[in-house]
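Trainee: In case you want the letters, here they are:
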Amino acid sequence: MSGNKEEEDPRINGIKTRIRVVPDFPKKGIMFQDITTVLLDPKAFKDTIDLFVERYRNKNISVVAGIEARGFLFGPPIALAIGAKFVPLRKPKKLPGETIFEEYELEYGNDRLEMHVGAVEAGDRALVVDDLIATGGTLCAAIKLLERVGAEVVECACVIELPELQGRQRLKGKPLCMLVEYR
Amino acid sequence: MFAVENGLQGDPRLQTISDAIRVIPHFPKTGIMFQDITTLLLDPVAFKHVVDIFVDRYKHMNISLVAGVEARGFIFGPPIALAIGAKFVPLRKPGKLPGRVISEEYELEYGNDRLEMSMEAVKTHERALVIDDLVATGGTLSASINLLERAGAEVVECACVVGLPKFKGECRLKGKPLYVLVEPSQLD
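Top line first, the protein sequences correspond to chains A and B. Sequential numbering from 1 applies to the first sequence in full-length UniProt numbering. Sequential numbering from 1 applies to the second sequence in full-length UniProt numbering.
It is worth saying that the hints were derived from the structure and are not from the lab. Treat the hints with care, as some may be off.
Subject to a maximum C-alpha distance of 30 Å in a straight line, what follows is the list of computed DSSO-like cross-link-like pairs (lysine-lysine) [to be verified]:
| hint | chain 1 | residue 1 | chain 2 | residue 2 |
| --- | --- | --- | --- | --- |
| 1 | A | Lys93 | B | Lys93 |
| 2 | A | Lys46 | B | Lys29 |
| 3 | A | Lys46 | B | Lys48 |
| 4 | B | Lys29 | B | Lys168 |
| 5 | A | Lys93 | B | Lys166 |
| 6 | A | Lys16 | B | Lys29 |
| 7 | A | Lys91 | B | Lys93 |
All values reported here derive from a predicted model rather than from experimental measurement.
Working from the sequences, and respecting the hints, build out all of it.
Mentor: Structure follows, in structure tokens:
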């Protein structure tokens, strides 16, 4: 896992082979990393969750924050297994209660990530989960939201990293754990 | 059919689940008492109760596929799928799924929306469960059933955490049984 040159856990190759790369989606030039094919293989999906749970179960994580929508696929199973709360970080206007937001840049224009007020408290130890890290913009926004309410972001966890986009450098110094690199 | 009608009457977990759901009045518009399940997710015990009750019900029903409706179905579906050894299939808003998809239109109060599913998701004759956080009109669940049946799956049941009282008894959606944990919570 992560960027270390340790011996790779044998489960990782099984997960990697289940990821489907779809060319030119959502637009020309993008090699889309489709994780839905991992979810179609119960063993690969379980291995993905187990790898993260093994890493985080003894780290006193009190909150797992998942980024809409594919972070919702991986975050809750991890949260349930380690006994942490799950907090969805959502696109604007989806969360019904009072929210705080953080803006982040897209290729053209900006978007926003929202979190419910009161969901995360000062002193919470947080893990941020998404399926993939590209530029790191969304994850950075997530870290900012959590830090604004006084949480400590322990780590970001993603199934896939696109290292050439250097998202790892945009995480406000927070470490990244990923399972599979795509170059 | 509600859980209390089917063996779980008096089960204290149902009250814990109900109490953990927050009601937000007039969201997304006036008159709607929105059932906010995010507070349930902040309570690991209550969240686990939801998953445990569904897993206990479905683990011996030979379910090979759990389909969850974007986005809140993505929160409840995967833990159930993982526990019963089934695959998870996301049912998504248009344009989100890559590759070949099939799509189904359904009615909203004003206008229509569409739900999509990957064509590779289903092997024929799979036994499927559809999951969402809440059932109101049943429109989204009906569209989900259509998608799965068109792909050759057999929908065994639809399951929701919250359901309107009209779904008591032998209520069916497109001929499929519906299993609901709790009725909508009220404002204190």
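Trainee: Now tell me, hint by hint, if it's right for this structure.
Mentor: Comparing the hints with the structure gives:
Pair hint Lys93/A plus Lys93/B holds up; C-alpha atoms about 16 Å apart against a cutoff of 30 Å. Among the hinted pairs, Lys46/A with Lys29/B is inconsistent with the structure: their alpha-carbon atoms are about 39 Å apart, more than 30 Å. With a CA separation close to 17 Å, the supplied pair Lys46/A and Lys48/B stays within the 30 Å bound. Under the criterion of a C-alpha separation no larger than 30 Å, the hint pairing Lys29/B with Lys168/B is consistent with the structure, at around 26 Å.
Straight-line distance between C-alpha atoms of Lys93/A and Lys166/B comes to about 28 Å, which keeps the hinted pair within the 30 Å bound. The hinted pair formed by Lys16/A and Lys29/B fails the criterion: a straight-line CA distance of about 44 Å is larger than 30 Å. Among the hinted pairs, Lys91/A with Lys93/B is consistent with the structure: their alpha-carbon atoms are about 14 Å apart, no more than 30 Å.
Violation of the numbered hints given earlier is confined to hints 2, 6; the remaining hints are satisfied by the structure.
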